[in-house]
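There are 4 protein chains.
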Amino acid sequence: MLEGAAALAVLGGGGARVARGQAARDVPRELARLVAANRILANEGVVDAFGHVSVRDPRNRDRFWLSRSRSPALVELDDLMEFALDGTAIDARGRTPYGERMIHAAVYAARADVQSVVHHHAYGVLPFTITAEPLRPVVHTASVIGAEIPVWDIRTKFGGTDMLVRSIEQGSDLAATLADNTCVLIRGHGAVVAGASVERAVLTAIYLQVNANVLLQALPLGAPEPLSAEEIARSAEAQFSPLALDRSWEYFCQRAGVDPA
Amino acid sequence: MLEGAAALAVLGGGGARVARGQAARDVPRELARLVAANRILANEGVVDAFGHVSVRDPRNRDRFWLSRSRSPALVELDDLMEFALDGTAIDARGRTPYGERMIHAAVYAARADVQSVVHHHAYGVLPFTITAEPLRPVVHTASVIGAEIPVWDIRTKFGGTDMLVRSIEQGSDLAATLADNTCVLIRGHGAVVAGASVERAVLTAIYLQVNANVLLQALPLGAPEPLSAEEIARSAEAQFSPLALDRSWEYFCQRAGVDPA
Amino acid sequence: MLEGAAALAVLGGGGARVARGQAARDVPRELARLVAANRILANEGVVDAFGHVSVRDPRNRDRFWLSRSRSPALVELDDLMEFALDGTAIDARGRTPYGERMIHAAVYAARADVQSVVHHHAYGVLPFTITAEPLRPVVHTASVIGAEIPVWDIRTKFGGTDMLVRSIEQGSDLAATLADNTCVLIRGHGAVVAGASVERAVLTAIYLQVNANVLLQALPLGAPEPLSAEEIARSAEAQFSPLALDRSWEYFCQRAGVDPA
Amino acid sequence: MLEGAAALAVLGGGGARVARGQAARDVPRELARLVAANRILANEGVVDAFGHVSVRDPRNRDRFWLSRSRSPALVELDDLMEFALDGTAIDARGRTPYGERMIHAAVYAARADVQSVVHHHAYGVLPFTITAEPLRPVVHTASVIGAEIPVWDIRTKFGGTDMLVRSIEQGSDLAATLADNTCVLIRGHGAVVAGASVERAVLTAIYLQVNANVLLQALPLGAPEPLSAEEIARSAEAQFSPLALDRSWEYFCQRAGVDPA
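Residue numbers (the numbering used here), protein chains in the order written: chain A, 111 to 371; chain B, 111 to 371; chain C, 111 to 371; chain D, 111 to 371.
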């Protein structure tokens, strides 16, 4: 658990701004945010026993941080491991990494704009990975998921597997399907969310699930009206403004019992 | 958090009557109720990171109170800001207001009978903002939502936007669609609920969601039988009688961990 | 809250048998059970701000006990009031009764076998009060709800009302529709559950909701297979055997944080 | 509740491996795991007042352990009873066994590979016991439920009953329908899950429910794409590898407030 005193000093009260996007961040604070991200995603039901979230090293763009193999609800600072962009652990110290760390490695390698990656199996999102129904933003808070969410099927290139993204080749193929989008679904498995910061990736993952749940309830009522391309672009910008992003990050931190880092 | 001793003195035990409607109320108690309203709406899942609730100043009908930009679950007395009916903050003291405070300003300006306004994105309500299925009261506890709930689409008059109600013109247009009703839905966004008191607005917002969820489950079973106009009018009166209103306000306060103010 | 020491002495450990059905019971313990029943129904989401549960007086079959007007989650021993079978309070001591106490009065008057009555608006049950889809037992734990669940519509005899059962005439008409069944639905309003003991009425109300929720999920999958009449009768007997009833009463008490009385 | 010190010594920290499958295990630790299993299944909503979980004795393959008749949420070490494979209690000490212990007895007798059995009525699974819709794995975490899940109907051989599996003949008939599969559904009643260890049985029961819930939400969207036979087999192996099994067991123990035994 993060220590409150230091974190609150950083925040300077209740409504502090958090640094965002490409801005330089110091490593200890970024790792504290990564622990918070784990706890938030668990607390919101985006991840359960499985799923993980990583952050690119703020000083070294060829490295990223990810917990050892542990459920996000339980992740602590000491669980965080550093990885190269081929998925090699820098200093494992006997800790076992996740089997699917290649998802993160491949997305960072392919996308210079991405600072954080979430992989999850949110239950509300899963129906869209096994049916032809497209997952599209229908409510403004979910505009951040983007206009297009492609679906990747490991079977297409790799045949009958255990469904896990185990190799850098599989990760790269997934990243190629993600392309310039923010989210990609994985058939019968889950999703990957890419963000320009830990906070953005976490909030996108949360509202991807909210949007999926709204859509699941709306579809039996008739064809849902989608947001227009312009609405998606403008609303996403508003949702990632400090006004909205700081508010929601503080909220989700409070619910998860972690201090905003 | 409200201090228990003072609040309980006001209540005089468990079954106290709370002042209602247009009756004069003193400001400190009204603001304590507004804090309670924030916590209740968060606790019942009507609002999440986003959404807000306001109250008209009991001494000055041209002013209203609303939290600074903060998630309702976290709002405290010091967060409450006073606004004029054009949305100008009276004494901001460095606090940042919500981007959508114009919703509140415009409804108070248009509707002399309204003392409290809730804006929210309750997940169960959202499907009715993106489909043609009308949201109508089907259970008696939800009669307070009223017989007609219009849907407002910002795109109709303002084209491609970030979906937020940012200007007093947009707010006024929304208020014109609300007209004399209690609730209005906003396409792809959420809802606005108007009440003759904080308690009424909060309870209406809660039972709007209950009614929406019941309807979502009933629709696949066949055409739901609506309440008649007479049933809606009479039942709403019963739901806002002291017998029902005091009981439910005490209940929702207890669930949210706040003292009835 | 019930005091643990006395209640546990009664229980004699973890697996005690509770008296059931028509057996004579002493009043203090029966009232403690009635408080527990209120808390359990609230904790399981069968009741919310509204709904109530009563018990016939074990010494005087022409009297019943019911809380003053208060949400079940908050009911304490001092809230319990005694009523005659015409709904008159015996010793109100300034306490305000529920507006719908006539439901209880009328059912006790009509049904000598009934010792406890629950009235509720469980959200999962409500869709069956506004559509033509019948609510029938489809899983064995819900066999106790009985083979037939009629639907009563206050409009049929009493026209446009506030939907509440306010008079003994309305209550009697509802009881006539209930007839010899265990449950009756009320159009656009909720349900009434009758039981041969507090424990039976509570468990029936809980599993009525479970069965409704299962049915809501099953109906889109195709026509659900109902239990046969013989299965319902035999399974209900098994569910109300000490083996099943004691186990579930202990369980629901523990979840609600009350001692089995 | 398990005592933390001893259990943590066994674990040796946060990421310990738990013994699996057919490996010899000592009895006290196995019974501690059985208590944990009860609490986990209750905490995840797989069981409610009803349902039970057993383990074969690690030293004597003709014996198994199961709680006395008590809801899983409340089970403690002293509640565990030893049974022969005909369902006879070895040393009852006045404790009352579950009426359906024959389910466990019969599965252990029929299946030498099974070390643990769960019987439950998970609400999400029940719709598949009363409709023709087959329950098949559609997400990789649920691959462990197996490619085929037969449905057993007690009525076929035993006519009109109370729906409970009371005799060894009924249990054996159920076990014959289970055959070599991992799960079997029981019409209008619930399911039985067999596992090569307590951890496997528990996780299979949890993800059976997850898969059922995903399928319930996906079916209205169109025909869900199932996992291929090869994907099921390979993914199940991955889900039961130490990497995944240890992680999820630690997670579900933490959520249930028990120490991994």
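I should point out that these hints are in silico values taken from the structure, not numbers from a laboratory.
The reader is advised that the hints may include incorrect statements.
If several chains are the same, the list does not tell them apart, and a pair holds so long as it fits within one copy or across any two.
[As the list claims (entries may be wrong)] Straight line, CA to CA, 25 Å or less: simulated SDA-like cross-link-like pairs of lysine to any residue:
| hint | residue 1 | residue 2 |
| --- | --- | --- |
| 1 | 267 | 169 |
| 2 | 267 | 171 |
| 3 | 267 | 155 |
| 4 | 267 | 352 |
| 5 | 267 | 347 |
| 6 | 267 | 203 |
| 7 | 267 | 336 |
| 8 | 267 | 153 |
| 9 | 267 | 200 |
| 10 | 267 | 330 |
| 11 | 267 | 136 |
| 12 | 267 | 338 |
| 13 | 267 | 204 |
| 14 | 267 | 184 |
| 15 | 267 | 195 |
| 16 | 267 | 134 |
| 17 | 267 | 183 |
| 18 | 267 | 343 |
For clarity, every value in this text was computed on a predicted model and none was experimentally measured.
Hint check:
When the C-alpha separation of residue 267 and residue 169 is checked against a cutoff of 25 Å, the pair qualifies neither within a copy, at 35 Å, nor between copies, at 47 Å. For the identical chains of this complex, residue 267 and residue 171 are neighbours neither inside a copy (29 Å) nor across copies (46 Å), given an alpha-carbon limit of 25 Å. In the homo-oligomer, the alpha carbons of residue 267 and residue 155 never lie at most 25 Å apart, since the shortest distance is 31 Å inside one protomer and 38 Å across protomers. Taking identical chains as interchangeable, the C-alpha atoms of residue 267 and residue 352 are never at most 25 Å apart, the minima being 41 Å within one chain and 27 Å between chains.
Within a single copy, residue 267 and residue 347 get their C-alpha atoms only as close as 35 Å, which misses the 25 Å cut-off; across copies the closest is 21 Å, which meets it. Proximity of residue 267 to residue 203 under the C-alpha cut-off of 25 Å is found in neither arrangement, the shortest distances being 35 Å within a copy and 60 Å between copies. In this assembly of identical chains, residue 267 and residue 336 lie within 25 Å of each other by CA distance solely across copies; the values are 18 Å between and 32 Å within a copy. Taking the closest pair of Cα atoms, residue 267 and residue 153 never come within 25 Å of each other, the shortest separation being 35 Å inside a single copy and 40 Å across copies.
Taking identical chains as interchangeable, the C-alpha atoms of residue 267 and residue 200 are never at most 25 Å apart, the minima being 30 Å within one chain and 56 Å between chains. For a Cα distance limit of 25 Å, the shortest separation of residue 267 from residue 330 qualifies neither inside one copy, at 34 Å, nor across copies, at 29 Å. Proximity of residue 267 to residue 136 under the C-alpha cut-off of 25 Å is found in neither arrangement, the shortest distances being 39 Å within a copy and 46 Å between copies. In this assembly of identical chains, the alpha carbons of residue 267 and residue 338 lie at most 25 Å apart only when taken from different copies (15 Å versus 33 Å within one copy).
With identical chains, the CA atoms of residue 267 and residue 204 are never at most 25 Å apart, being 33 Å at best within one copy and 56 Å at best between copies. For the identical chains of this complex, residue 267 and residue 184 are neighbours neither inside a copy (34 Å) nor across copies (48 Å), given an alpha-carbon limit of 25 Å. For the identical chains of this complex, residue 267 and residue 195 are intra-copy neighbours only, at 22 Å inside a copy versus 49 Å across copies, given an alpha-carbon limit of 25 Å. When the C-alpha separation of residue 267 and residue 134 is checked against a cutoff of 25 Å, the pair qualifies neither within a copy, at 38 Å, nor between copies, at 41 Å.
In the homo-oligomer, the alpha carbons of residue 267 and residue 183 never lie at most 25 Å apart, since the shortest distance is 33 Å inside one protomer and 46 Å across protomers. Taking the shortest alpha-carbon separations for residue 267 and residue 343, only the inter-copy value of 19 Å comes in at or below 25 Å, while the best intra-copy value is 32 Å.
Hints 1, 2, 3, 4, 6, 8, 9, 10, 11, 13, 14, 16, 17 from the list above are not met by this structure, while the remaining hints are.
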